[in-house]
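A.B. asks: What follows is each chain in one-letter form.
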Amino acid sequence: MSKMIPDSLPIPAGLRGVASDWAADKQAFPVPWGKAMMWIFLLSDTFVFTCFLTAYMNVRISTTVPWPNPSEVFALRIGGADIPLILIAIMTFILISSSGTMAMAVNFGYRRDRAKTAALLLTTAAFGLTFVGMQAFEWTKLIVEEGVRPWGNPLGAAQFGSSFFMITGFHGAHVSAGVIYLSVVALRVWRGDYERKGTYETVEIAGLYWHFVDLVWVFIFALFYLW
Amino acid sequence: MDHAQGQQHPISIYLWIWGMLFVLSTLSYLVDYFHLQGYLRWSLILIFMLLKAGLIVSIFMHMAWERLALKFAILVPPGCLLVLIALMAIEGDYTFLTRLAVFLK
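Order-wise, the sequence lines are chains A and B. Going by the numbering used here, the first sequence opens with residue 1, and the numbers climb by one from there. Going by the numbering used here, the second sequence opens with residue 1001, and the numbers climb by one from there.
Simulated from the structure, these hints should not be mistaken for laboratory data. Fair warning: this is a prediction, and the values are worked out from it, not measured in the lab. Hints should not be assumed to be uniformly reliable.
[Stated by the list, open to error] Straight-line Cα separation of at most 25 Å, SDA-like style, residue types lysine to any residue; simulated pairs:
id, chain 1, residue 1, chain 2, residue 2
1, B, K1071, A, F49
2, B, K1071, B, L1082
3, A, K116, B, R1067
4, B, K1071, A, L155
5, A, K26, B, G1054
6, B, K1071, A, L53
7, A, K116, B, L1082
8, B, K1071, A, A136
9, A, K116, A, F93
10, B, K1071, A, W22
11, B, K1071, A, T202
12, B, K1071, A, A13
13, B, K1071, B, L1097
14, B, K1071, A, L15
15, B, K1071, A, K141
16, B, K1071, A, F41
17, A, K116, B, K1071
18, A, K197, B, L1040
19, A, K116, B, W1016
20, B, K1071, B, W1016
21, A, K197, B, G1054
22, A, K141, A, P66
23, B, K1071, A, P66
24, A, K197, B, W1016
[As the list claims (entries may be wrong)] Partner residues aside, some chain A positions facing chain B, computed with beta carbon under 8 Å:
id, residue
25, Q27
26, P30
27, N69
28, G80
29, P84
30, M104
31, T140
32, F219
No residue lacks a Cβ here, since even glycine has one placed at the ideal position from N, Cα and C.
Let's have the full structure, built from the sequences with the hints guiding it.
C.D. replies: Here it is in structure tokens:
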């Protein structure tokens, strides 16, 4: 056994695998470095968004003024009837769909289907752009019609505005950055860069970022809009 | 499966998860639409939220197929955040009671 080179040893699974991956004198994570780094970036971003959501929780618990009812604030009048949260629901479905097309793009990338990968990436970016557009509409409605400001609003607790603009603004910035990121990756797929490189891992790494943006929205939707 | 060579799974699994996410989102929207209140509302919202998050991370982000070492490195640290959330909830309650005591005098 001692004559064997380390690479040819079988890789253990489970807890023994954790010990061997971290303790052995070798690369800890057998994934492309870009993927490990993206995961670590997303981990740090998790902390950022959790801090925002925790701050929101704290001010909402501690305020003595009633919190505006999101169900009513974000209702839209369609065909003479107020439908609660309808815009937010549509935005949620759009973002989930973009996650679906992103997952397919990663899959077709690994199948070396250049045209479909690029098309699906652009579809994902288009969904993202639609999402940001609807968010811009939502912000405009809130600022212009409802008079919501970061320091106060006529609907109730003043902290509503600051929490809302901070959390959705930061998330919207992530979506916007993602749209640019995905467009660049789509262009490179189309040019055949990854064909020459021999791997489509870049598409999967971009996918991790995009799914994370969707993941954060799941928490914002539940904790800010539905609570 | 050779992870260094990338994640290759059948398309159908993504379509399934996509459908599940749609169903779960619809259900959480209906919680609001039918004006469910109290503990029923909060527990349903949290359950649907955690199910959606789990599906996205495990399948869409391929965490289910990664090695345990990477799973631990990414999924264990956010556990610290539960401590932060608990502390801030206690703190928020304390501030609320202090405000009641001072403002309502």
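A.B. asks: Which constraints among the numbered hints does this structure fail? Numbers only, ascending.
C.D. replies: 3, 4, 5, 7, 8, 13, 15, 17, 18, 21, 23, 24, 25, 27, 28 and 31
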